[in-house]
Amino acid sequence: MESRMRDVRGMTVGVGTEPCLSAGPRWGPHPAVLHLDIDAFFASVEQLRQPALQGRPVIVGSGVAASASYEARAYGIRAGTSLAEARRLCPEAVVLPGHAPTYRAFAEHVFDLAAELAPNLETFLDDALLDLTGTERVHGHLIRAAAELRRRIREETGLSVSLGLATNRMVARMVTRLAKPGGFAWLRPGGEATFVARRPIEELLGIGPTRAALLREMGVTRVEDLRVFPPARLRELFGEIGLLLAARAWGRETRAVAAAEMPRSIRRETSFDEPEADASVLEGMLHYLSDRAAGQARSLGIEPRGLRVHLRWADGGGVARQATLDQRGATTEVLFAAARELLAALFVRRMGVRNLGVEIARFRPSAGPQLALFDAEGESESAGARAGRLDHVVDLLRAQFGFRALMRGPSLELMDRLPSDASGFVLRTPCLTR
Amino acid sequence: MRWETLDEPIKVRADFQGGDVSPLAFKRGTNRIRVVRVNTHWVDRDGRRARYYFSVTAESGDVYQLCFDAGDLTWRAECVMYEG
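Chains as they are written, first to last, in the working numbering: chain A, 398 to 831; chain B, 255 to 338.
No lab work stands behind these hints: they were computed from the structure. Where is the CB? At the ideal position from N, CA and C, for every residue including glycine. Any given hint could turn out to be false.
Far from chain B, by Cβ distances over 10 Å, these chain A residues were calculated [to be verified]:
#1 L445
#2 R446
#3 P448
#4 R501
#5 F503
#6 E505
#7 H506
#8 G555
#9 T618
#10 E621
#11 S677
#12 L697
#13 T721
Cβ-Cβ distance ranges computed for the label pairs, FRET-style [stated by the list, open to error]:
#14 N517/A with L278/B: 20 to 26 Å
#15 L486/A with A324/B: 41 to 47 Å
#16 L787/A with A324/B: 29 to 35 Å
#17 Q271/B with L794/A: 31 to 37 Å
#18 D269/B with G452/A: 28 to 34 Å
#19 P672/A with Q271/B: 22 to 28 Å
#20 A512/A with G315/B: 34 to 40 Å
#21 L327/B with L697/A: 33 to 39 Å
#22 N517/A with F270/B: 47 to 53 Å
#23 G283/B with R718/A: 29 to 35 Å
#24 R759/A with A324/B: 38 to 44 Å
#25 G283/B with A741/A: 57 to 63 Å
#26 L327/B with G603/A: 47 to 53 Å
#27 A720/A with R299/B: 41 to 47 Å
Partner residues aside, some chain B positions facing chain A, computed with beta carbon under 8 Å [stated by the list, open to error]:
#28 V290
#29 V292
#30 N293
#31 S309
#32 T311
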């Protein structure tokens, strides 16, 4: 077992696979956030399911790589690399479509183990944030407790995880990068500003490719370069998030673990084995995808204001349309009705469709279904309220018996065409991305 | 490399000791297939019934995915993995 310490601009960052040797003093009363990231998640699960894949380059995805094993990464393949490019870079790579319910089951097992350590846990698709603040009296030395968690995950699931421990969630995520793959890094309290200073600007939370490109044009390549800008100037450049970036450039992040996080968008899409030109099948799939997206939004207590439908033709061309949802309490049926209108406007060529997707965005907290101002005479509740109640009951049933327990509307068109399991239809390319 | 769907009921001899379940052998038609290795296992708890999945390597070297439904206590061979 290797153990090493790395010094970053005068601040000590421990990095090792056996931290017990170098864990140093206890964490003390400082905030403690542990970031847990499952290494090459989907590809690793496939290597576990099929031992013949171990040691071989494995890619999971369709159209683009959703996950690449470390053997595939050695060829320059990353999540997001197109499969055509991936095959060019590594012709011997094994490409698999993936199976989302299996990955979800593995992730739940990992997160269940993590929950034993952290009273406050925030989970994502393949990573999690654990708030360990104040738990040292329960668990003993935090660094050793985290190392023990990593060992248990490996033993019980076979998966390798990387860990990063710091005083806030942003720095913990950045520290995890130093530990990948399969390692554990930690940054002791007080070292945040110095640590983040030399990191590439792209690593700062809130800096995506567009903002990074703009900043690099301005000569900002490292996080410390951002500090010369007054917060007001960053707000002019990037809006309200500019103020957050000003604080983050000094390693400060105030958002708590498990704070309700509103996603930017929820996307559900799939491709078809053969280009699909049957309008009833496309409508059925659109309804199914809308139902899944709307159900996910309801489970988070949010409702969308924006809707986008996109499709890719058999010849590779792609089109998309979007609409604003005016009605509050967007139910599955409201969402589907709007999506169907968009699809009708898009589906204008005499050609099959290779890929279909629904994306909802611009969320706000859910206010429940909106009551109509004038109900039809004799009706005790509006159609919107009824649809909202129906969604609620459907969600309860599916939570208890699985998504397939209750299929409805045009989705039924798919019953004889697609295989299904308890989680719903087995799509050719389920949405594997966040 | 591909998975071929089987989705067929099977009879399984399994070890249920220690709160864990582990398949030891199963019968497909008249063929009795011995499990030489459980590669991995996972539990799908979507819905009320838990389903226990196993990726197992048979004596022949084939890799099967088996499923035990804890609701009706039945086993199924879901698929088999082929090279090529």
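- Is the Cβ of L697/A more than 10 Å away from each Cβ in chain B? L697/A is indeed farther than 10 Å from all Cβ atoms of chain B, at 17 Å.
- Answer holds if the nearest beta-carbon of chain A is closer than 8 Å to that of V290/B; otherwise answer violated. violated (11 Å)
- Item | Check on H506/A being off the interface with chain B, judged by Cβ distance over 10 Å | At roughly 7 Å from the nearest Cβ of chain B, H506/A sits no farther out than 10 Å, so the non-interface label is violated.
- Distance restraint evaluation - G283/B, R718/A, Cβ atoms, bounds 29 to 35 Å: violated (52 Å)
- Query: Can we confirm that no CB of chain B comes within 10 Å of the CB of S677/A?
  - Reply: Its Cβ never comes within 10 Å of chain B, the nearest being 25 Å, so this holds.
- Item | Distance rule for E505/A, whose beta carbon must clear each one in chain B by more than 10 Å | For E505/A, whose nearest Cβ neighbour in chain B is about 7 Å away, the distance does not exceed 10 Å, so it is violated.
- Closest C-beta approach of V292/B to chain A relative to 8 Å, hint status: Because about 11 Å separates V292/B from the closest Cβ in chain A, which is outside the 8 Å limit, the hint is violated.
- Given a hinted range of 57 to 63 Å, is it respected by the beta-carbon distance of G283/B and A741/A? Between G283/B and A741/A, where Cβ atoms are some 50 Å apart, the hint is violated.
- Query: Do N517/A and F270/B keep their Cβ atoms within the hinted range of 47 to 53 Å?
  - Reply: At 36 Å between Cβs, range violated.
- Message: Given a cut of 8 Å on the nearest C-beta pair, is the interface hint for T311/B held or broken against chain A?
- Response: T311/B check passes; min Cβ-Cβ to chain A is 7 Å, inside 8 Å.
- In this structure, is the beta-carbon distance linking L486/A and A324/B contained in 41 to 47 Å? Distance hint for L486/A, A324/B holds at roughly 43 Å.
- Item | Consistency of the no-contact label for F503/A, given chain B and a CB cut of 10 Å | Violated, because the least Cβ-Cβ distance between F503/A and chain B comes to about 6 Å, which does not exceed 10 Å.
Hints 1, 2, 3, 4, 5, 6, 7, 8, 14, 19, 22, 23, 25, 27, 28, 29 from the list above are not met by this structure, while the remaining hints are.
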